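Engineer: These protein sequence lines map, in sequence, to chains A and B.
Take this note's numbering: the last position of the first sequence gets the number 113, and nothing is skipped along the way.
Take this note's numbering: the last position of the second sequence gets the number 226, and nothing is skipped along the way.
Don't take every hint at face value.
To be verified - Cut-off 30 angstroms, straight-line C-alpha distance, at most; resulting in silico cross-link-like pairs (DSS-like, lysine-lysine):
| # | chain 1 | residue 1 | chain 2 | residue 2 |
| --- | --- | --- | --- | --- |
| 1 | A | Lys56 | A | Lys42 |
| 2 | A | Lys42 | B | Lys139 |
| 3 | A | Lys105 | A | Lys68 |
| 4 | B | Lys139 | A | Lys105 |
| 5 | A | Lys105 | B | Lys126 |
| 6 | A | Lys105 | A | Lys42 |
| 7 | A | Lys71 | A | Lys42 |
| 8 | A | Lys105 | A | Lys56 |
| 9 | A | Lys56 | A | Lys71 |
| 10 | A | Lys68 | B | Lys126 |
| 11 | A | Lys37 | A | Lys105 |
| 12 | A | Lys56 | A | Lys37 |
| 13 | A | Lys37 | A | Lys68 |
| 14 | B | Lys126 | B | Lys139 |
| 15 | A | Lys71 | A | Lys105 |
| 16 | A | Lys37 | A | Lys71 |
| 17 | B | Lys126 | A | Lys56 |
| 18 | B | Lys126 | A | Lys42 |
| 19 | A | Lys68 | A | Lys56 |
| 20 | B | Lys126 | A | Lys37 |
Stated by the list, open to error - Chain A is nowhere near these chain B residues, computed Cβ spacing over 10 angstroms in every case:
| # | residue |
| --- | --- |
| 21 | Pro121 |
| 22 | Arg128 |
| 23 | Ser146 |
| 24 | Gln169 |
| 25 | Pro174 |
| 26 | Gly197 |
The hints are simulated quantities; they were obtained by calculation from the structure and are not laboratory data.
From a predicted model like this one, the values you see are computed outputs, not experimental measurements.
Heads up, the beta-carbon is just placed ideally off N, CA and C, and yes, glycines get one too.
Listed below are the residues making up each chain.
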Amino acid sequence: GESVGLHLPTLSVQEGDNSIINCAYSNSASDYFIWYKQESGKGPQFIIDIRSNMDKRQGQRVTVLLNKTVKHLSLQIAATQPGDSAVYFCAEFWFSGYSTLTFGKGTMLLVSP
Amino acid sequence: DAGVTQSPTHLIKTRGQQVTLRCSPKSGHDTVSWYQQALGQGPQFIFQYYEEEERQRGNFPDRFSGHQFPNYSSELNVNALWLGDSALYLCASSPTGRAGEQYFGPGTRLTVT
């Protein structure tokens, strides 16, 4: 399928490594943050979310960290697998304002066997 | 339970033509948002429909219009197509009162020649 990752920052890791993908968000009033995974030719798929009153949330093999002081979000993937290869986007949302998602630029993750 | 579905999958149009894209939301979801995703970019918000009305709109010209039907399905119409309208058009649905919780369809790839 067509690549959504053209000209995106790329992170290359070996299978089994831990991956960290970073995102700077724009609005200090954002209440809610989501990480999406997008494989070639597909729509974004929800991975994990976090509310602004939290600084860490863990899922299955994934952890999201939120630093509101510097408006920074990170996604950590443990024991990265080839199936994790995709483009990863962070998105922000604020409940009292523009009631839709604003996406970051995206990072392509390439996992080598 | 079917997720978000979109049709058609791919479409090729000529500059100046008009196009209609269709979206069926996830069961139980009443809010539909449309996004445009150019190659190598994150999705950009076009507009959002709720209760058959446009609730929010992004920075897109009036050539982009939409509609939501009583069964919550939605259409995106683009008139007077430009070459720059070539992109992946994504539909996302969300449940009542949880507009940040968006589930995406696979998208329609529009190519304008």
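Engineer: Against each hint, give a clear statement of whether it holds in the structure.
Structural biologist: Hints, one by one, checked against the model:
1. A:Lys56 <-> A:Lys42: Holds. Lys56 of chain A to Lys42 of chain A sits at ~28 angstroms (cutoff 30 angstroms).
2. A:Lys42 <-> B:Lys139: 16 angstroms, holds
3. A:Lys105 <-> A:Lys68: 19 angstroms, holds
4. B:Lys139 <-> A:Lys105: 26 angstroms, holds
5. A:Lys105 <-> B:Lys126: 28 angstroms, holds
6. A:Lys105 <-> A:Lys42: 17 angstroms, holds
7. A:Lys71 <-> A:Lys42: Status holds; Cα separation ~28 angstroms.
8. A:Lys105 <-> A:Lys56: 22 angstroms, holds
9. A:Lys56 <-> A:Lys71: 14 angstroms, holds
10. A:Lys68 <-> B:Lys126: Distance ~44 angstroms between Lys68 of chain A and Lys126 of chain B Cα, so the pair is violated.
11. A:Lys37 <-> A:Lys105: With a Cα-Cα distance of about 13 angstroms, the restraint between Lys37 of chain A and Lys105 of chain A holds, given a limit of 30 angstroms.
12. A:Lys56 <-> A:Lys37: 19 angstroms, holds
13. A:Lys37 <-> A:Lys68: 22 angstroms, holds
14. B:Lys126 <-> B:Lys139: Distance ~28 angstroms between Lys126 of chain B and Lys139 of chain B Cα, so the pair holds.
15. A:Lys71 <-> A:Lys105: 15 angstroms, holds
16. A:Lys37 <-> A:Lys71: 21 angstroms, holds
17. B:Lys126 <-> A:Lys56: Given pair Lys126 of chain B, Lys56 of chain A is violated - Cα atoms ~46 angstroms apart, limit 30 angstroms.
18. B:Lys126 <-> A:Lys42: 21 angstroms, holds
19. A:Lys68 <-> A:Lys56: Since the Cα atoms of Lys68 of chain A and Lys56 of chain A sit roughly 11 angstroms apart, the hinted pair holds (cutoff 30 angstroms).
20. B:Lys126 <-> A:Lys37: 29 angstroms, holds
21. Pro121: 14 angstroms, holds
22. Arg128: Consistent with the label, Arg128 of chain B stays out of reach of chain A, its closest Cβ about 21 angstroms off (over 10 angstroms).
23. Ser146: Given a closest Cβ separation of 6 angstroms, the condition is violated.
24. Gln169: Gln169 of chain B is in fact no farther than 10 angstroms from some Cβ atom of chain A, at 6 angstroms.
25. Pro174: Non-interface label stands for Pro174 of chain B: nearest chain A Cβ at 18 angstroms, farther than 10 angstroms.
26. Gly197: 16 angstroms, holds
Checked against the numbered hints above, the structure breaks hints 10, 17, 23 and 24 and satisfies the rest.
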